Amino acid sequence: MKRILEHRLLLLVLRLFLGLVFIYASWDKILHPAQFAQAVYNYKILPLPMVNIFAIILPWIELIAGAFLILGVFTRGSALIITSLLFIFIIAGVISVSRNLDITCGCFDPAGSRRVGVNLIIEDSALLLVSIWVMITSMKKRKVLFICTHNSARSQMAEGLLNAFLSDRFEACSAGTQPSKINPHAVKAMAEIGIDISSHRSKSLEEFRGKKIDYVVTVCDQAKGACPFFPGAGTYLHQSFADPSEFQGTEDEIFGKVRKVRDEIRAWIEETFSKR
Amino acid sequence: MNTQTVSTKLKIVYQALAIVILGSILGSVSNLIRKDSIPFIAHKTDFVKEEKRENAVTLAEAKERFDNGTGFFVDARSGEEFQKGHILNAYSLPEEVFEERIDEVRITFPDSEEFIIIVYCGGEECIASEKLAEQLRQSGYANVRVFIGGWNEWKKAGYPIESTPE
Numbered sequence: 001m002k003r004i005l006e007h008r009l010l011l012l013v014l015r016l017f018l019g020l021v022f023i024y025a026s027w028d029k030i031l032h033p034a035q036f037a038q039a040v041y042n043y044k045i046l047p048l049p050m051v052n053i054f055a056i057i058l059p060w061i062e063l064i065a066g067a068f069l070i071l072g073v074f075t076r077g078s079a080l081i082i083t084s085l086l087f088i089f090i091i092a093g094v095i096s097v098s099r100n101l102d103i104t105c106g107c108f109d110p111a112g113s114r115r116v117g118v119n120l121i122i123e124d125s126a127l128l129l130v131s132i133w134v135m136i137t138s139m140k141k142r143k144v145l146f147i148c149t150h151n152s153a154r155s156q157m158a159e160g161l162l163n164a165f166l167s168d169r170f171e172a173c174s175a176g177t178q179p180s181k182i183n184p185h186a187v188k189a190m191a192e193i194g195i196d197i198s199s200h201r202s203k204s205l206e207e208f209r210g211k212k213i214d215y216v217v218t219v220c221d222q223a224k225g226a227c228p229f230f231p232g233a234g235t236y237l238h239q240s241f242a243d244p245s246e247f248q249g250t251e252d253e254i255f256g257k258v259r260k261v262r263d264e265i266r267a268w269i270e271e272t273f274s275k276r
Numbered sequence: 001m002n003t004q005t006v007s008t009k010l011k012i013v014y015q016a017l018a019i020v021i022l023g024s025i026l027g028s029v030s031n032l033i034r035k036d037s038i039p040f041i042a043h044k045t046d047f048v049k050e051e052k053r054e055n056a057v058t059l060a061e062a063k064e065r066f067d068n069g070t071g072f073f074v075d076a077r078s079g080e081e082f083q084k085g086h087i088l089n090a091y092s093l094p095e096e097v098f099e100e101r102i103d104e105v106r107i108t109f110p111d112s113e114e115f116i117i118i119v120y121c122g123g124e125e126c127i128a129s130e131k132l133a134e135q136l137r138q139s140g141y142a143n144v145r146v147f148i149g150g151w152n153e154w155k156k157a158g159y160p161i162e163s164t165p166e
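Taken in sequence, the protein lines are chains A and B. When we follow the working numbering, the leftmost residue of the first sequence carries the number 1, and every step to the right adds one. When we follow the working numbering, the leftmost residue of the second sequence carries the number 1, and every step to the right adds one.
Any given hint could be a false lead.
[As the list claims (entries may be wrong)] Dumping the calculated DSS-like pairs for lysine-lysine here, alpha-carbon to alpha-carbon at most 25 Å:
#1 LYS140/A to LYS211/A
#2 LYS44/A to LYS131/B
#3 LYS11/B to LYS275/A
#4 LYS143/A to LYS9/B
[What the hints assert, rightly or not] Non-contacting residues of chain B with respect to chain A, defined by C-beta distances greater than 10 Å in every case (computed):
#5 GLN83
#6 ILE116
#7 ALA142
Keep in mind that the hints were calculated from the coordinates and are not lab data. Keep in mind the model is a prediction, meaning the values are calculated, not measured. Glycine residues also receive a C-beta, built at the ideal position from the N, C-alpha and C atoms.
Turn these sequences into a full structure, and let the hints guide you.
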């Protein structure tokens with residue numbers, strides 16, 4: 001569990017690092033477009049009419065991708081951009097070195113004296129590795145396991161909600177200590193908001209033993225009894241919701257209460273997972 | 001499940017595209033409104049070509065003229081960069097203030113074959129010195145030459161400078 005936390009921390013640190021490098025790199029180029037255009041021209045790779053357009057736009061793309069990477073907005077898209085840019089820079093560097101061009105790199109300070117050479121290609125390659133790692137790691141979906149006693153209503157709804165809203169970042173599943181049957185009220189309540197969980201089945205916690213889970217979320221009512229424990233997860237979260245199997249009253253009254261639980265779970269999931 | 005993975009990958013491509021589009025818009029708009037904008041389509045004359053350097057001053061000649069006082073050094077970089085550091089006794093003449101200072105320049109530096117004006121900027125790849133030299137020629141100076149290596153080469157050689165410690 002420590003390993004996963006460190007993983008996330010490392011991802012954050014490298015994201016901030018890459019973002020800062022690219023913002024820093026963009027700054028002087030934005031301030032001195034003519035000098036940067038000259039640096040681009042010196043590479044003699046782009047056809048002349050494209051040199052200025054490239055010099056005008058590239059620094060802004062660097063700035064935006066760097067800022068987004070730091071802010072955590074469009075993280076994966078930004079990582080993809082930065083990876084592609086580094087790839088292009090490396091190719092440009094290799095071409096220049098193989099042509100024996102003695103030119104300034106225009107990397108950080110377009111008027112600076114830093115020259116294109118093997119050192120530069122090595123540095124860019126190191127950055128490329130970091131950026132590929134950031135891209136792949138932030139693309140990996142994190143596994144979330146929702147647990148309650150029966151895996152019949154609460155954990156099932158939670159699974160359906162997380163998969164419906166944040167499926168690009170999370171992969172949810174659910175289980176219970178005493179699996180029974182999926183609750184028809186829960187299926188109906190979810191269908192009402194356009195999420196089909198009718199094909200879900202009630203699963204035992206045993207099915208998930210030994211699997212790699214990033215988040216274990218217990219959604220049982222702690223006041224009513226012991227919550228199950230699932231060892232080996234990265235992060236544990238707990239939130240109590242009322243148990244629909246104990247709701248009393250007419251069908252309509254029970255359904256109303258299930259609907260209320262659904263909305264509570266939905267609000268909690270959106271609040272908790274959209275930031276993670 | 002499968003369709004979800006596909007849409008996730010597409011989403012990343014969309015994000016990347018959005019960043020490229022946003023960057024293109026911001027870059028173009030800023031280039032339209034800023035004072036020191038560059039043309040969107042480059043012309044060959046915008047750039048310093050290696051061949052066009054026969055009129056250039058080498059580091060050795062620059063130092064020689066510095067030592068025996070036969071060259072006036074004129075700094076084409078921005079005032080801010082000049083403040084940070086420049087060749088000792090150089091005169092700051094960035095493009096923005098050229099018009100307002102040209103009269104002062106005429107009084108201070110007479111055009112003379114013996115005492116030439118040596119224009120420099122950051123280093124080999126900057127074009128400010130070439131531009132300034134052209135402006136000075138148009139203002140009537142016949143003896144203007146560019147010190148291509150500029151500030152970087154001078155400083156690296158450890159020659160006399162004036163600088164503001166940061």
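Checked hints:
1. Annotation: proposed proximity of LYS140/A to LYS211/A holds, straight-line Cα distance about 16 Å (limit 25 Å).
2. In summary, the hint linking LYS44/A to LYS131/B is supported, as the alpha carbons are separated by about 21 Å, within the 25 Å threshold.
3. For a cut-off of 25 Å, the pair hint linking LYS11/B to LYS275/A stands: about 18 Å separates their Cα positions.
4. Annotation: proposed proximity of LYS143/A to LYS9/B holds, straight-line Cα distance about 18 Å (limit 25 Å).
5. Annotated as non-interface, GLN83/B keeps its C-beta farther than 10 Å from every C-beta of chain A; the closest such distance is 16 Å.
6. No beta-carbon of chain A comes within 10 Å of the beta-carbon of ILE116/B; the shortest separation is about 24 Å.
7. Residue placement check: ALA142/B keeps its beta carbon more than 10 Å from all beta carbons of chain A (closest about 26 Å).
No hint from the list above goes unmet by this structure.
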